[in-house]
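Chains as they are written, first to last, in the numbering used here: chain W, 123 to 368; chain X, 42 to 442; chain C, 23 to 200; chain F, 8 to 109.
Rather than coming from a laboratory, the hints here were simulated on the basis of the structure. Here the structure is a predicted model, which means the values were calculated and not measured. Where hints are given, some of them may not hold.
DSSO-like cross-link-like pairs, simulated, lysine-lysine; straight-line CA separation at most 30 Å [claimed, not checked]:
1) W:K130 - X:K128
2) W:K208 - W:K300
3) X:K115 - W:K157
4) X:K437 - W:K145
5) W:K207 - W:K296
6) W:K130 - W:K208
7) X:K437 - W:K157
8) W:K270 - W:K214
9) W:K203 - W:K176
10) W:K308 - W:K176
11) W:K157 - W:K270
12) W:K203 - W:K296
Some chain X residues flagged as far from chain W (calculated, every beta-carbon gap over 10 Å) [as the list claims (entries may be wrong)]:
13) F117
14) W359
15) L364
Every residue gets a Cβ at the ideal spot worked out from N, C-alpha and C, and that includes glycine.
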Amino acid sequence: MLGLGIIKGLVETGRNFVGSYFKPERLVTIQYPEKHLPPVEAARTIPFLVYDGKDSMKGLRCTACTICETECPPKCIYIVKDTVKKPDYLGKMQNQPKVFDIDISVCMGCGICVEVCPFESIKMDQVFELSGSDRFGAMLLHKAQLVKSNDYFGEICHEQATQINAARADDVRKAEAKAKADADAKAKAAAVAVSNAAAGVAAVAASSMTATPGTTQPDSKPAPKAASTSTPLPAPSKPTVPSATP
Amino acid sequence: MIDSLDQIFVSLKHWLVGLTPEAWQPLVSILVSIVPIMALFGTCFAATTIFERKILGRAQNRLGPNRVRAFGVKTFGLLQPIADGIKMLTKEDIVPFAADKVVHFLAPVVLTTPAWMLFSVIPLGRNMAAIDLDAGILFFFAVGSASELAVFMAGWSSKNKYSLVGSMRAIAQMISYEVPLVLSTIPVLMLAGTLSPSQVVEAQGVGTGFFAHWFVFTPWGLSGFVVFLIAATAESNRSPFDLPEAESEIIAGFLTEYSGFKYALFFLGEYIGLFAVAGMAVTLFLGGWQAPCKALEFIPSYLWFFGKFAVLIVFFIWVRATLPRLRLDQLLALAWRFLVPLALINLVVAALWHFMGSWQFIAAMPVRWGICAMLVVLPFVWFARLLNGGKVAPRKYRYAE
Amino acid sequence: MAERLLLANIVMLNSIAFYILAVITLAGAVAALTLRNLVHCALCVAASFAGIALIYLQLDAEFVGFAQILVYIGAVAILVLFTVLLTRGTEVQAGVAFLSRSWPAGLAVTALVFAAIAAPILLTPELHKLAADSASAPVRKIGEELMGNYVLPLEVIGLLLTSALLGAVVIAMQDKKD
Amino acid sequence: MTPLTHYLIFSALLFCIGFAGAMMRRNAILVLIGIELMLNAANLNFIAFWRYGNTEAISGVMFTIFSIAIAAAEAAVGLALVIAIYRHRRTMQMDKFDTLKG
């Protein structure tokens with residue numbers, strides 16, 4: 123009969139009305155400015171710049187490659203390269219941004235800058251209380267306002283940050299290993315050259331042994347320079363042992 | 042003692058009018074009637090906005106507004122209307138460039154003024170109608186119909202498609218529901234034999250018996266009351282009939298281009314219209330200021346009126362918290378295929394009730410009740426079934442493949 | 023003495039009200055028939071109808087005044103507005119004449135008609151009379167008249183309204199072929 | 008205070024305005040509005056004569072009530088006709104409706 127459903131509905135809302143006074147757990151809302159919902163891992167609002175270590179400017183991962191600037195659909199990123207370079211986490215000299223601005227009134231939070239960044243330098247933030255009293259100035263965030271530490275990133279995106287940290291630690295280890303290997307190869311080559319000059323007995327055998335590291339040499343062009351600066355490395359390391367035995 | 046408490050406002054008015062020079066007394070008398078009504082229902086409006094939001098919140102397991110503080114003192118949100126008022130009054134009044142400026146300005150005025158005039162005929166207590174018009178109920182519906190024009194003016198002058206669609210919906214809805222609204226009052230007028238609201242209330246008095254003869258306690262009265270309530274909800278554009286301002290479809294309907302004080306006036310006008318219709322429902326069906334039984338007559342008449350009025354307003358809010366919005370075709374079908382036939386049948390039932398009142402034989406009363414109740418319930422069920430296309434079953438939803 | 027003063031006061035206010043309402047009504051009527059925008063015309067004519075309704079009230083004809091508001095403002099004005107919107111002829115384009123070609127003849131005939139009505143009114147001395155102090159047409163009396171003396175006209179009006187309703191629907195209904 | 012002649016002159020003016028509108032405007036809707044104004048002027052005369060004559064006899068009021076009812080029917084049918092004509096001719100100009108002209 124028409125009307126029964128209406129009465130059922132009225133009873134339901136009536137129960138909600140009375141129940142909300144006696145059972146606080148019925149209330150589905152939270153009192154916002156005082157209380158916050160627990161953050162959600164995948165939540166994203168605007169981008170921020172990640173830095174390692176203590177000093178936000180020294181540890182900044184951004185290399186001012188401007189890929190994000192190019193890819194940004196609403197063109198809210200503005201980057202100016204600095205003339206001075208600084209070493210990155212692997213010790214390589216990289217460019218750094220002099221100016222890095224994001225207009226968050228333009229940003230649409232798509233996260234494409236994060237996708238394209240090769241340096242894991244730009245990430246999506248979870249802050250949302252971004253309102254300001256100034257229509258233009260307050261919405262244009264500068265580099266100093268954008269930087270946030272890697273630890274913060276670990277807090278808001280634990281899983282992703284752990285992966286990235288592991289990958290980067292791996293990179294460092296590999297780079298170190300490679301640097302060592304290169305240094306050793308250098309040392310070895312130098313030693314071989316010295317022994318060749320001293321006594322050309324085992325020249326053929328030795329040169330055939332060193333041919334393998336020798337061929338890899340052109341791939342890592344900047345390496346020798348770095349290696350040469352750090353030449354005083356201890357010579358006895360594992361890969362060089364078999365060639366050193368004869 | 043009881044009588045003097047009951048008539049305290051009437052004697053106060055007489056005293057006040059008596060203080061003034063005699064030549065000015067007609068004007069002062071008018072003013073003394075108008076000012077309290079406007080103050081009272083203005084306060085009712087403020088209170089309703091906050092309690093409506095509170096009740097809606099609680100019905101949806103929320104808290105509702107609870108934050109407004111005055112000088113650092115928590116008020117549990119009770120000062121929200123004041124905050125809203127300040128916000129509305131200080132907002133920029135935006136008039137669209139293409140709008141018809143004069144009509145755009147006049148529309149809220151044309152809506153609000155007649156809405157206030159509606160209260161002049163409603164008896165708020167014993168001897169407490171501002172003007173005791175001979176044709177008061179006709180006045181009520183005549184002046185109430187002026188709001189259609191205001192809605193049209195608002196929608197058309199905004200030069201906005203949403204506004205126009207909203208106002209056209211509103212007018213179609215108001216015209217359709219005015220028919221059952223008026224038809225459902227006709228049985229009351231027939232049996233009370235008058236068009237004057239005061240006399241309609243008198244006719245529902247306790248009289249010699251123990252219980253009051255409120256019209257809602259008769260089969261035709263109950264049916265008429267239900268039809269009147271549904272039509273009144275639609276007439277005041279309230280949920281579930283809030284299609285004219287369906288925010289998910291047409292932004293805010295005819296209110297889209299209104300802001301600031303003009304918007305506040307529209308808001309006020311809608312609530313005032315709702316109050317007036319609720320007051321008329323109380324007057325016509327719930328016995329106006331009459332107490333339900335002899336023993337309760339010591340409570341002053343105006344308290345009875347406002348008690349019933351408050352119950353109706355809370356019911357309107359409760360319905361709003363419960364029911365989803367209708368579709369336009371459902372809305373019109375409900376009016377023309379359900380409410381109008383019911384109201385027409387109700388006329389016949391009321392006439393039968395009247396003539397069967399003179400039956401003298403034993404068990405005349407139950408027979409009278411039985412016949413009339415059957416004549417009310419059977420058409421109700423039948424038309425309800427017709428409205429659903431003859432079958433009553435949960436709706437099957439078909440999704441796009 | 024005071025009683026008479028009071029009455030004089032009310033009567034004076036009443037007649038002032040008539041002149042104000044007459045000006046509003048005539049202005050509304052003139053505006054309704056001279057403006058170019060049809061919606062404005064319809065709104066002005068609604069104002070004019072409202073003025074006439076208030077004049078009925080001022081003449082103590084309550085029931086007729088309320089009926090006038092209900093029928094003319096609640097129904098006829100809305101009907102006119104709907105027609106204006108349905109026919110999309112809201113605005114008369116600039117340059118297009120909004121008066122018919124023979125408007126001078128119309129004006130002349132109107133002047134003649136006015137002279138023909140006004141002259142007898144002004145020349146008949148019996149019409150310069152004042153009204154009784156109070157009058158009323160109570161609803162009960164109107165109802166009894168409707169059910170007594172005028173019951174046949176009432177039935178005919180009922181038939182007329184029904185047939186007009188059906189006729190209007192049939193005329194305005196879209197043809198299936200279109 | 009107000010003599011009857013003022014009402015009658017007012018009603019005559021209203022009638023003439025309506026008459027002029029009906030005669031001179033091209034738009035069909037405005038012609039109908041003019042006719043409505045003329046009807047209203049006539050109604051006003053009925054009420055005025057009732058008020059200034061024998062107020063016990065309420066035939067003036069009754070006539071006005073019937074007249075209002077007829078006016079409502081007339082407006083409904085008239086505007087329906089306007090819509091029907093508009094649908095065929097795509098115009099509201101009265102001087103374009105000349106199919107029957109010889």
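Structure-based check of each hint:
About 38 Å separates the Cα atoms of K130 (chain W) and K128 (chain X), which puts this hinted pair outside 30 Å; it is violated. Distance check on the hinted pair: K208 (chain W) and K300 (chain W) sit about 21 Å apart at the alpha-carbon level, within 30 Å; holds. The suggested pairing of K115 (chain X) with K157 (chain W) holds, with an alpha-carbon distance near 18 Å, which does not exceed 30 Å. Between K437 (chain X) and K145 (chain W) the alpha-carbon distance is near 36 Å, which puts this suggested pair outside the 30 Å criterion.
With a C-alpha separation of about 23 Å, the suggested pair K207 (chain W) and K296 (chain W) falls inside the 30 Å cut-off, and the hint holds. A threshold of 30 Å between alpha carbons decides the hint, and for K130 (chain W) with K208 (chain W) the separation of about 71 Å lies outside it, so the pair is violated. Taken as a hint, the K437 (chain X) and K157 (chain W) pair is broken in the structure, with Cα atoms around 42 Å apart against an allowance of 30 Å. Annotation: proposed proximity of K270 (chain W) to K214 (chain W) holds, straight-line Cα distance about 22 Å (limit 30 Å).
The hinted pair formed by K203 (chain W) and K176 (chain W) meets the criterion: a straight-line CA distance of about 22 Å does not exceed 30 Å. Straight-line distance between C-alpha atoms of K308 (chain W) and K176 (chain W) comes to about 35 Å, which puts the hinted pair past the 30 Å bound. Only pairs whose Cα atoms come within 30 Å are accepted, and K157 (chain W) paired with K270 (chain W) is accepted, the gap being roughly 24 Å. As the CA atoms of K203 (chain W) and K296 (chain W) are separated by approximately 29 Å, the hinted pair is consistent with the 30 Å bound.
With a minimum CB-CB distance of about 13 Å to chain W, F117 (chain X) clears the 10 Å threshold, and the non-interface call stands. For W359 (chain X), the condition that its CB be more than 10 Å from all CB atoms of chain W is violated, with the nearest at approximately 6 Å. L364 (chain X), annotated as away from the interface, has a beta carbon of chain W within 10 Å; the closest lies near 6 Å.
The structure is inconsistent with the numbered hints 1, 4, 6, 7, 10, 14, 15, although it conforms to all the rest.
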